[in-house]
Each structure stands twice: as structure tokens, then as C-alpha cells.
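So you can see what is in the structure, the chains are spelled out below.
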Amino acid sequence: MKKFIIGFLVLSIGVFVLFTFLGKDKGHDAEKVLWGINQEFNTIANDPAATPENAFVELSKKYENFVQRFPDADVTPGAYIIWARLMVIKEDYDRAKSILEKVLSKYPENKTAQLEALLEVGKVQTIQKDELGVLDTYQRVIRNFPKSEVGLKTPLLVAQYYLEKKQNNLMEKAFDDAITHYQALIADNKGEKVGFYALQYLAVCHIAQKNWDGALSAYEASLLDYADLNVWTPQSLLKLLRAYNTIYVTHKKSIDGPVDVYQKFIDDNPDHAFNPILERVIKTLQELKADGVITPDVTVQSLEKAVNAMAQETEEKLEKKIEQQDFKSTPATVED
Amino acid sequence: MGNKSIFQGLKNTQLTLFSHSPVLIPFIVIACIQLFVLELIYFVPRYPLNIFFEPIITKLWGEQFMHYPYNIAILPKLFQYIQGPLFLFVTSFLIGVAVNALAKVNNDEPAKFGLVLKDTFKHYIHIFIGALLAFLVVLAFSEVYELLIRKALTMDPNRGDKYLLKLIVKMTILEGAPYINLLFSIFITALFGYVIPAIVIGNLKIFPALVENFKILCSAPIFTFMVTFIPTLLYVPVLILRGGAQVSSTAPEMSILLLVLSIIVMVAIDAVIYTTLATYYLMKKEGS
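First to last, the protein sequences are chains S and B.
Quick note on the working numbering: the first sequence kicks off at 1 and runs consecutively.
Quick note on the working numbering: the second sequence kicks off at 1 and runs consecutively.
It is worth saying that the hints were derived from the structure and are not from the lab.
Distance condition first, Cα-Cα at most 27 angstroms in a straight line; then the derived DSS-like pairs of lysine-lysine:
id : chain 1 : residue 1 : chain 2 : residue 2
1  : B       : LYS59     : S       : LYS24
2  : S       : LYS239    : S       : LYS193
3  : B       : LYS104    : S       : LYS2
4  : S       : LYS32     : B       : LYS59
5  : S       : LYS3      : B       : LYS118
6  : S       : LYS3      : B       : LYS122
7  : B       : LYS215    : B       : LYS285
If you only want the chain S side, here are some residues facing chain B, beta carbon under 8 angstroms, derived:
id : residue
8  : MET1
9  : PHE8
10 : LEU11
11 : SER12
12 : VAL15
13 : PHE16
14 : PHE19
15 : LEU22
16 : GLY23
17 : LYS26
18 : HIS28
19 : GLU31
20 : LYS32
21 : TRP35
Cβ coordinates follow ideal geometry from the N, Cα and C atoms, glycine included.
The following block holds chain B by itself, in its conformation from the complex (with noise of 0.2 angstroms):
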């Protein structure tokens, strides 16, 4: 797999989302659903849902995030809480949704949303158990990552020789922190990309789609990693400013309207990435 079709599988992809609107509605959806979870959220600290959840708030992070402005700038973290179970039950499966419209247009069979969410859900439990699995390696790392600043921030560069190496350790451990998370995300978002395709269009339980995901892998390694790596690029401006608006305090408005933005772009790649790679699993599949 070279550079070209890398580029041209990318290429046919945004043709197939922009031709074909069964494969573009159930990644429409995953972003409607998150931007009214979003929209939950943002009224949590306010009344009546206060009355839920201000002890949980409360008791976790301080009284002081239920009033303004703290209860916006607590929204990025409570959305971060709520996307784990949200990938877990919805978006991973609507993912399948999306796969499966991508092969049924692909045969030229009838793909109407109902239909293909209804044909798609007797996959379910296996999209479940493989989106377990990708997130569990994610909150493995979160883990590590967490155990690493908490050593950065105890690290005195200072102290011994090699300071300058320390402190450049150090800084890309706390200042990195967004973006090796997300480079980490595209690692595991490759690793895991053809598992759902598997389940779908191979119509495999979830060990053997595992079995069949990592062949895959291996037969294509850099062509899967970088699928996964250029759309995700576009997420870069989003966590620039997401950056800049942490360190300005001005209008913390700004916040929600960034998360929105991140929400849009974070579907729009992963429209991107999973349709490629369901294009290349079909191409596969067609070709042995």
C-alpha cells in the first residue's frame, strides 16, 4: 500500500459519504446525540436537574462547580465521563450502522436507516464486547498516563545531572498531555478499525472478528495507521484552541461552543476513518 492509495482510499471515501447519505445518517446521529447530551449537561448545575445531581457534584469536585463559571468549565469533564458509556452503547454501535449501510450500498441492497439499524442489531452484543476491549486498552493507558504526570510533577529536573532532558520529559508529559492522547487514540482506533467491519460485513462473533481484524492489521499496518492518522490531523486546530481557551478566562462561553466544535469534527473524522476502513475490509473480503 503506497502513499496514493492511502490518499485515494481517503479520496473515495469522502465521495462515498457525500454520494451515498445512508453512510453519512448514522454518523449525523452519533453527532445529534452527543451535542443533546451536551445540551443535558450544560443544564446539570441549573434547576430542576440540580436537585439530581449537585451532591454527586458536590462531593466530587466542590460546591463551587455548581454555580457560574465553574459549571461551564466543568462541562468538558462531565462530557468526557458520559462519552466512555456513550461509546460503549450507542456510538460503537451506530459505527456498525454506518458499516453496514457502507456494504449494502456497495450490493446495490436497499439501505434505509431503520432497516439497516434493525439488521445491524443482532450484532450488537459482539459491537459491545469489541468496543469494551478498545476501551479498556484506553483506560489501561489513562491509568499509566495518570501515573506519569503524577511522576512529572514530583520530577525536580534540577536534581542530578541530565536537566535538560528532564525537563524536556517533563514538559511533554504535563504540556503533551492532549496530544499523546491523541495519538493514542489513533493507535487504538487502528488496532481495533476492523473489528466492527468484521462483525458486520463478515458476519464474525467477536473472537474470530479479533482474529480477523489483526490479519488485517498486519497485512497493512502503515496504510491502517496512516488512515487513521490523517483525518485525525484536523482534530489539531480544535485542541489548539481548546488550549487557548483553558488559559483565557474571559468568556467562558467559549468552552461550549468548542466542545461543539470538537463534537462535529471528532464525527466527521471518525466518518472518515471507519468508513475507509470498511471500504479496504470490503475490498478485502471481495478480493480473497
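Bound conformation, chain S alone (with noise of 0.2 angstroms):
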């Protein structure tokens, strides 16, 4: 018996060490010490009023230490950033902004970090009121990051900001320049969701231009040129629904586009999970136009009271159907 207990504790201490050898400097340390800081990060965020000022001090220096000690770890990215996030608490913004700094020259193959580090360094400029700071920023989102969620987003960003300081001429720019980017994208990312997204928000680019044929176009493409992308959702269809209807009946005051867009849709698509709410949408529209609310006078409040309820009662059908087809639909996860 004590033989068997005594090569049991070899084995085991054997197993250990082997194992805590062979897996040293592979991250696990770092994950582990870096864990422990973060903990008291959390603490300090949850009720910074309370904390006394050599608790920054101290907590900053564990920070800097961890990053000295782990600089290659894959969560020493995602520690400078924690740990410009407690200088922002701190309400000191150049050093947190100095941290991100780091991230951006020190991680230049790590996109996921970089893209993290610079919203961060936006945010703390938004907290600073350094507008052209929160531009350059915005710029440098496009400019490196054109493929992500927020890169997509940003030449939007951009426009909106002059809209908010009603400078016309440049919210125009700021929209001509989105919607060059945004055919750039399309063009060179056909079939894929970076395309589909960037196709999304030219239409929005179009509306606020009011250029409808430009809008209602690129909902088109959307639908018919990405059907089986995997990016639908019983939301996005409906959201895209009411839009192109609305913009549709409202400008052109007719229903033959959406009839006809939806029409092709469906021959294209003779399977398509979609069909038979496209059908319904069809048939709810020619109702709309026998009734006489589809008319030349017809105003968008009418029309979205109409389509707003014929979407409550499909939604149900739609997500129903979906379940039952095994219809994929994941919320979208862009590139990068």
C-alpha cells in the first residue's frame, strides 16, 4: 500500500510539473495574474468616488508591471486597455489615451486590440470635448478598419457629426464621401456581409440625400443579391420591408416595384424560408391598392400605420416558419 501511495504522489507531482513546465509562458500565467488585477479594476469602477487616490496609484502600477512582465501574452493587449480605462477613471486623459497609444504601435498585427484601443481613445476625446480629435479618430476607424462593425458604421458617424453641428456643406461631403466608400466596399466584397452591411448603409447615406431611386436601388440589391447570405433575421427582412415599401409607395405612389422586386425574389428563390411572407407582403399590397389606400395622395403616416400592421400580424408567421425550415440566422458578425 505505501508503495502505491508513494508512486501515486510521484505520478502525480510528475504530471504536475511536466505539465506547469510545459505549459509556461503559453498565457495561462498571464490570464491568471491579470484576472486578479482586473478584479480590483472592477471594484474601483463600481464606486470610484470611494476610492482613495494612492488605489489608483498602486493598482496603475500592477498594471504597468503585468505588461512589463507578460509584454507578448495575448491578454496584454486587452490589459492596457483595462488599464486605460482606470486612468480615464482616474480623469487622467492623456495618460489613458498614452496607454492606448501603446496598443496601437506596440500590437500592429493584433486588429481586434488596435480597433478596441483606438473607439477607446474616441471615447475618451468625446469625454474631452476634442472634436477634431473625435474626427481624426472616426477617420482612422475607415482608414484601418473600413471591413469592421464599427468602421462600416463610421463614415455615418462622420456625417452625423456635421448634421449635429448643422454644417450643411460638410454633412453633404461627409455624405458624398460615405457613399463613394460605401460603392467602394460593395464593389469589392460582392456576396459577402461586408458588402450586404455596406449596401445597408448606403441606402441610409441616399435618404438622408433624398435621393430615393438611390435608396430604394440599393434595398433591391440587398435583397435579390444576398438572399442566402447568412445575415437575415425575421427583423432585418421586416425592417427592410417597411423601408422600400414606404419609400416606394411614398415617392413613386405605386405598389408594381415592391410586387415586382419581391416577385423576382421568390422566383429566384423557389425554396427560400422567406417565400411565403414575400407572398403575403405581395398580396397584402394589392389589398392596400384595391381598398384605395394606396393612392396618389397617399401619405406616409397612412401607409406605415398599413404596413406596420400587416407586419405585427407576420412577424409571428415569419420567426414560426424560420424555426421550422431550420433557417439559419445568426446576427451579423462582420469581418475583422
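If you follow the hints, you should be able to join the two separate chains into one complex; please do so.
Right, dumping it as C-alpha cells:
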């Protein structure tokens, strides 16, 4: 028995030492140490007012030691970012920005960390009311991460910035730039998620510029050219249908366009999970026309009311149908 | 069988376990194997084992479970998954070895671990089938309980009448899960408790052993249940501690210590239960 116990202990300790040695410098230790430091950060973040000054200094020192001890660990860029957040809580914004710039300079290969750091820089600039700095950060995001979720949205944020400032000329230019940017993305990413989302934002730009034909053609392209892409959800389809119907009927005073587009979708994709819904939408549009709702004098309000009633009625059926057909519709995650 | 004989039986078991090491050794081996398996699982999310296990864990539970502290949080779950095959292939056999050692000690025969191991191996397949039957019943119960949990999660006590009753049922199903599982495992252990002694001591094949098991169980149901129930109560403090550790996430490593503790306590409980049941089986056999 003694022999067995000794053998077991030797084996267990041997395995422990071996795996600990093999796993050394592979990131686990760094994760563990950082978790402990982040716990302290969470305590401070929950009640910064009750935190004495020296607690900030001590924790900041811990982050500094951490990044020096584990410069190449996977979690280190994240440590820099949380360290910067600590400095934001301490209201030492310049220090926060300089910490974030280290992520940008030290980890050029880590796109996710770079984008996160850049967004944090933007947040700090917003707090500092550094408007030019924010705009510059927007441009850095557009330039360096055009295909990311945030990068896709950023050209619109630039335009929105000028809209809020009521600088109409600059706003128009921002929308023009955004349209050029999205068109290039669509051309380069046909059939991919990036192309699909660029089309959605392109439609928004056209709506903002009251270019209804442009908006309609962007919506048509997203529906017809991306029918099989794994980006659709019942909500995104209904959103598109509402926007397309409203714009078309209000500005073209007709239902022919939507009916033709939906019919083309059904013809091109005979087994698509959305077909029963689109058939129903076609029928409802035709009924609205027959009932005299869609007339040359139709107003946006009356049309929206009718479309919303239709959408509400069909939403549940659509979800059920998708569930039955096991139509995968994961929420959007764009490249990067 | 009165209360006196239940406690006398448990007391005698303690004496047997401490005075006859051949009976105790298989249980120590079980504990060592389980602790070693736990040690290996601990290293699963780390290099070099992560090369093989990362895709599996990421697919089943998500990428975060490869990283600290979630890699620790997932340990009890991983260990639970390993427990099934471990029980079927190793633990049940080693319980058989302990029962065989007890019979040999009782007959004043040599009971060296290696010898008893070899001798018990001829019953391996029957022990395995007996363990499999018990395991399948546990599995079926788990499935039913899973359904109950799902139902309880969607149950809204505010709907309709009998609010209090619905609330109690819901809370019992959701909060009482570890205790209900424990109670069920006591029931299953009692239900199949004499199968291994019947195979190893009675030299019976699986189906006659099952018949014999139910005969003895029917002749002393309260004794069997109480002999299983009383030692298992030792596990309740461990469950309470584990529940508390889940609530507090300040020290993830605490769950490993509690897992080690639960292995030791569970094996000790098994040692007491199976030794008492095997002793009772021997007494019955000698009596007949």
C-alpha cells in the first residue's frame, strides 16, 4: 500500500510539474494574474468616488508591472486597454490616451485590440470634448478597419457629427464621401457580409440625401443579390420591407416596384424560407391598393400604419416558418 | 431490522475498514484514480493538452472556457462527464475488488490487493453490466429532471391560481437540484446495492445476481435504504460549500479544492455503504 501511495504521489507530482513546465509562458499565468488585477479594477470602477488616490496609483503600477512581465501574452493588449480605462476613471485622460497609443504601436498585428484601442481613444476624446480629435479617430477607423462593424458605420457617424453641428456643406460632403466609400466596399465585397452591410448604409446615405431611387436600388440589391447570405433575421427582413414599401409607395405612388421585386425574389429562390411572407406582403399590398389605401395622395403616416399592421401580423408567422425550416439567421458579425 | 442494527452495521463497517486494509485499499485506489483524472482535466485547457481539447471545449461551451477563470469553472462539469465512464469501467470493478477482499478476510483467506484484483477480474463483465444498468437508470432520471428544470424555468407562478404552490414547486426543482440528485443517487445505490456482492461473493452472473439483489432488498428495504442514506448525509456539507463557492466568484481555485474534498468524501461514503451492504450479504448467505 505504501508503495502504491508513493507511486501515486510521484506520478501526480510528476504530471503536475511536467504540464506546468510545458504550459509555462503560454499565457495561462498571464490570464490568472490579469484576472486578479482586473478584479481590483472592477471594485474601483463600481465606486470610483470612494476610492482613495493611492489605490489608483497602486493599481496603475500593477498594470504597468503586468505589461512589462508579460509583453507578448494574448491578454496584454487587453490589459493596456483596461489600464487606460482606469486612467479615464481617474480623469487622467492624457495618460489614458498614451497607454492606448501603446496598443496601436506595439501590436500592429492584433487587429481586434487595435480597433478596440482606437474606439477607446475616441471615447476619451469625446469626454475631453476634443471634436477634431474625434473626427481624426473616425478617419483612422475608416482607414484602418473599413470592414469592421464599427468601421462600416463610421462614415455615417462623421456625417451625423456635421448634421448635429448644422454644418450643411460639410455634412453633404461627408455623405458624398460615405457613398463613394460604401460603393467601393460593395464592389470589392460582392456576395459577402461586408457588401451586404455596406448596401444597407448606402441606402441610409441616399435617404439622408433624399435620393430615393438610390435608396430603393440599394435595398433591391440587398434583397435580391444577398438572398442566401447568412445575415438575415426576421427583424432585418421586416425592416427592409417597411423601408422599401414606404419609400416606393410614398415617392412613386405605386405598388408595382415592390411587387415586382418580391416576385423576382420568389422566382429566383423558389425554396427560400421568406417566400410565404413575401407572397403575403404582395397580397397585402395588392389589397391595400384595391381598398384605396395606396393612391396618388397616399401619406407616409397612413402607409406606415398599414405596413406596420401587416408586419405585426406576419412577424410571428415568419419566425415560426424560419424555425420550422431551420433557417439559420445569426446576428451580424462582420469581418475583423 | 431495527435502528440498532443499522447503526451497529455502520459501526462494524468502520472497524472492518480500519482493521482490514485489503478492504480499504480498493477505495483508496478509486480516490487516487479520480484525483489523478481531476489533475489531468485541470491541465486540459492548457498547453499541450489544449491542442487536442480546445476544439472540443470551444465547440461545446465556447472559447472563453479555455481561459482563466472559466477553465476552472468548467472543471466540475468536465469531471462529471468523465465520472460516467470511470464508474462503468473502473470504479464499479474496484468496488467489486473491495467486496471480494471483504469476503476473503471473512473466510480467513489471503487478501493481497493484486491477488484479489486478479480473482475479481473474472467477474468484470457482469460487474460492468450491473453498473451499466444502474448508470442507465441514473441517466434516465437526469433526462426527466432536465425536462422538469426546463418546465420550471418557463413556469410563471403569477399565472392562474395556486401561486404559492407553483412557487414552491419551481424553487424546489431549480434550487434543490443537487439535493434531489443526491437523494436519487441514494435510491439507486440502495436499489442495486447487492448486485456486486451477489456477483463477486455469490459467484452469480448478472441476471441471477439482479434477482438475488432484489430478493435481499425486499427482505430488508429500510435497512438497505438507511445504510445508504445515513453515510450519504456526510456529503450534504460538501454540497452546501459547493453551492456557496458558485455564488462567490472571488477565488476560482476554491472550486478545485471542493472538488478534491467531494471526491474524498464520496469515496469514503461508498466505502462505508458497500462494505456494510457486502457484510449484510455475507451474513445473509451464511445464515442461509
